[in-house]
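Q: Below are the chains, spelled out letter by letter.
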Amino acid sequence: GEDVEQSLFLSVREGDSSVINCTYTDSSSTYLYWYKQEPGAGLQLLTYIFSNMDMKQDQRLTVLLNKKDKHLSLRIADTQTGDSAIYFCAVYNFNKFYFGSGTKLNVKP
Amino acid sequence: SQTIHQWPATLVQPVGSPLSLECTVEGTSNPNLYWYRQAAGRGLQLLFYSVGIGQISSEVPQNLSASRPQDRQFILSSKKLLLSDSGFYLCAWSVVGANNEQFFGPGTRLTVL
Numbered sequence: 001g002e003d004v005e006q007s008l009f010l011s012v013r014e015g016d017s018s019v020i021n022c023t024y025t026d027s028s029s030t031y032l033y034w035y036k037q038e039p040g041a042g043l044q045l046l047t048y049i050f051s052n053m054d055m056k057q058d059q060r061l062t063v064l065l066n067k068k069d070k071h072l073s074l075r076i077a078d079t080q081t082g083d084s085a086i087y088f089c090a091v092y093n094f095n096k097f098y099f100g101s102g103t104k105l106n107v108k109p
Numbered sequence: 001s002q003t004i005h006q007w008p009a010t011l012v013q014p015v016g017s018p019l020s021l022e023c024t025v026e027g028t029s030n031p032n033l034y035w036y037r038q039a040a041g042r043g044l045q046l047l048f049y050s051v052g053i054g055q056i057s058s059e060v061p062q063n064l065s066a067s068r069p070q071d072r073q074f075i076l077s078s079k080k081l082l083l084s085d086s087g088f089y090l091c092a093w094s095v096v097g098a099n100n101e102q103f104f105g106p107g108t109r110l111t112v113l
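These protein sequence lines map, in sequence, to chains A and B.
With the numbering used here, letter number 56 in the first sequence gets 56, and the count goes up by one each step, no holes.
With the numbering used here, letter number 81 in the second sequence gets 81, and the count goes up by one each step, no holes.
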């Protein structure tokens, strides 16, 4: 299987940038994703990146992929209190999705 | 557009009772279907996935089973629930294609007492 690791908590002030990091073990993973989960709800896909890309930007979100180090990050610019949630990193490999344990982002006003 | 339904939304069951959670998908054909469990404050654990009717792959040995009687229906079952089966159960679907996006249902909160 694949191991996907994330730090458990991140706390930032409103207006600052947030950077959530993720590492994975299987270099053959083809797609990598970031999901957001608000309390009591399912997971919402935020963005994804294909393994042949280094960076993807989508409005306030920037995804960086370092394939050599098997490291994925999500940067949220101008973080708002509504961004407070759990963020999951996920990788796709042979019909299966492997998820990290989630990073709980706390945005302080 | 595609939608995914799960029911019930919440469930409280005694230890030793049976379980049946249902998931249905609309607006797509031949999806890959998944069951995950999320324990409190933890990440997602893949329980089962299915690439077609009657095809079930189990990821971890456990007290649960899954079935796919129809193309867009995925059922999670147990004959006798354990306390450790409590958690948030999420159904998801994906279609092999451009970016293999996976879409999640709203989840079922199961409490076993």
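Since the hints were derived computationally from the structure, they do not count as laboratory data.
Positions of the beta carbon are idealized from the N, C-alpha and C atoms, including for glycine.
Treat the hints with care, since some could be wrong.
[Said to hold, decoys possible] Okay, the calculated beta carbon distance ranges per label pair:
id: 1; chain 1: B; residue 1: Gly54; chain 2: A; residue 2: Pro109; range: 46 to 54 Å
id: 2; chain 1: B; residue 1: Pro106; chain 2: A; residue 2: Met53; range: 40 to 48 Å
id: 3; chain 1: B; residue 1: Pro14; chain 2: A; residue 2: Gly40; range: 33 to 41 Å
id: 4; chain 1: B; residue 1: Ile53; chain 2: A; residue 2: Phe94; range: 18 to 26 Å
Q: Determine for every hint whether it applies to the structure shown.
A: Outcome of the hint check:
{"no.": "1", "hint": "B:Gly54 with A:Pro109: 46 to 54 Å", "verdict": "52 Å, holds"}
{"no.": "2", "hint": "B:Pro106 with A:Met53: 40 to 48 Å", "verdict": "31 Å, violated"}
{"no.": "3", "hint": "B:Pro14 with A:Gly40: 33 to 41 Å", "verdict": "23 Å, violated"}
{"no.": "4", "hint": "B:Ile53 with A:Phe94: 18 to 26 Å", "verdict": "20 Å, holds"}
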